[in-house]
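Chemist: Taken in order, the sequence shown gives residues 3 to 207; the numbers are from the working numbering.
Treat the hints with caution; some may be incorrect.
DMTMM-like mimics (lysine to aspartate or glutamate), calculated; alpha carbons at most 25 Å apart, straight line [unchecked claim]:
id	residue 1	residue 2
1	K29	D157
2	K137	D99
3	K6	D45
4	K199	E73
5	K59	E87
6	K137	D157
7	K137	D69
8	K6	E52
9	K40	E25
10	K172	D157
11	K29	E87
Restraint-style ranges between C-beta atoms, simulated for each label pair [said to hold, decoys possible]:
id	residue 1	residue 2	range
12	E22	G78	27 to 37 Å
13	A200	G178	20 to 30 Å
14	A196	T95	39 to 49 Å
15	G31	K172	17 to 27 Å
16	E41	S203	25 to 35 Å
17	S62	E87	12 to 22 Å
18	H121	E87	35 to 45 Å
Since the hints were derived computationally from the structure, they do not count as laboratory data.
No residue lacks a Cβ here, since even glycine has one placed at the ideal position from N, Cα and C.
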Amino acid sequence: MFFKPICTPLRFYAVVPSAEWVERMVKAGADTVQLRNKELRGDNLKKEIERSVAVCKGTSTRLFINDYWQEAIAAGAYGVHLGQEDMNEADLTAIADAGLRLGLSTHSVAELDRALSVHPSYVASGAIFPTTTKKMPTAPQGLDNLRRYVAQAGDTPVVAIGGINLQNAKEVLATGVSSLAVVRAVTEADNPEAVVKAFQSLWDD
Numbered sequence: 003m004f005f006k007p008i009c010t011p012l013r014f015y016a017v018v019p020s021a022e023w024v025e026r027m028v029k030a031g032a033d034t035v036q037l038r039n040k041e042l043r044g045d046n047l048k049k050e051i052e053r054s055v056a057v058c059k060g061t062s063t064r065l066f067i068n069d070y071w072q073e074a075i076a077a078g079a080y081g082v083h084l085g086q087e088d089m090n091e092a093d094l095t096a097i098a099d100a101g102l103r104l105g106l107s108t109h110s111v112a113e114l115d116r117a118l119s120v121h122p123s124y125v126a127s128g129a130i131f132p133t134t135t136k137k138m139p140t141a142p143q144g145l146d147n148l149r150r151y152v153a154q155a156g157d158t159p160v161v162a163i164g165g166i167n168l169q170n171a172k173e174v175l176a177t178g179v180s181s182l183a184v185v186r187a188v189t190e191a192d193n194p195e196a197v198v199k200a201f202q203s204l205w206d207d
């Protein structure tokens, strides 16, 4: 099984909780956005995904939907992001056949091996630093492990996530990752739009 590759580098990757946040990130010019909403269900969830897809349409921002692959396919999203446990339940063939990109979370060498076996569009490795965003199944991975994951992933882009901010972003990028994913660095910022610009300038240095 092979998933479509990422056409242009993912670079700055904002993980946000609502379509309203997706729209803010699109207006700020974010390279990549993930809608990660754990509260909504049914029609409300479907509408939130559809709205997120609509605000990204015709822009350079790529949208990934966390977990809800069926709704993402129906709405025509750019891609889907799944956790390790979701790999057991999601119909990966249906996602690939629909032409969506696939990102997979990994937290160890073994999980990275498993993810790479289905040839995803990218893999996410984390948490790199301590994070309070979600309860992590493993200890922070750190930069040395991240370098190993980048080498292990080969040509598959690696997205670093977990505790990343503007203070540590450069050292994370120096490991060779393709992308930096953040949650709180954007959603808890006084000026999220300025944060987007500051992160994206790291690739221009």
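Chemist: Hint by hint, say whether it matches the structure.
Modeler: Right, here's what the structure says about each hint:
no.: 1; hint: K29 / D157; in the structure: violated, 31 Å
no.: 2; hint: K137 / D99; in the structure: violated, 32 Å
no.: 3; hint: K6 / D45; in the structure: violated, 29 Å
no.: 4; hint: K199 / E73; in the structure: violated, 30 Å
no.: 5; hint: K59 / E87; in the structure: violated, 30 Å
no.: 6; hint: K137 / D157; in the structure: violated, 29 Å
no.: 7; hint: K137 / D69; in the structure: holds, 17 Å
no.: 8; hint: K6 / E52; in the structure: holds, 21 Å
no.: 9; hint: K40 / E25; in the structure: holds, 18 Å
no.: 10; hint: K172 / D157; in the structure: holds, 21 Å
no.: 11; hint: K29 / E87; in the structure: violated, 33 Å
no.: 12; hint: E22 / G78: 27 to 37 Å; in the structure: violated, 20 Å
no.: 13; hint: A200 / G178: 20 to 30 Å; in the structure: holds, 21 Å
no.: 14; hint: A196 / T95: 39 to 49 Å; in the structure: holds, 42 Å
no.: 15; hint: G31 / K172: 17 to 27 Å; in the structure: holds, 20 Å
no.: 16; hint: E41 / S203: 25 to 35 Å; in the structure: holds, 33 Å
no.: 17; hint: S62 / E87: 12 to 22 Å; in the structure: violated, 32 Å
no.: 18; hint: H121 / E87: 35 to 45 Å; in the structure: violated, 20 Å
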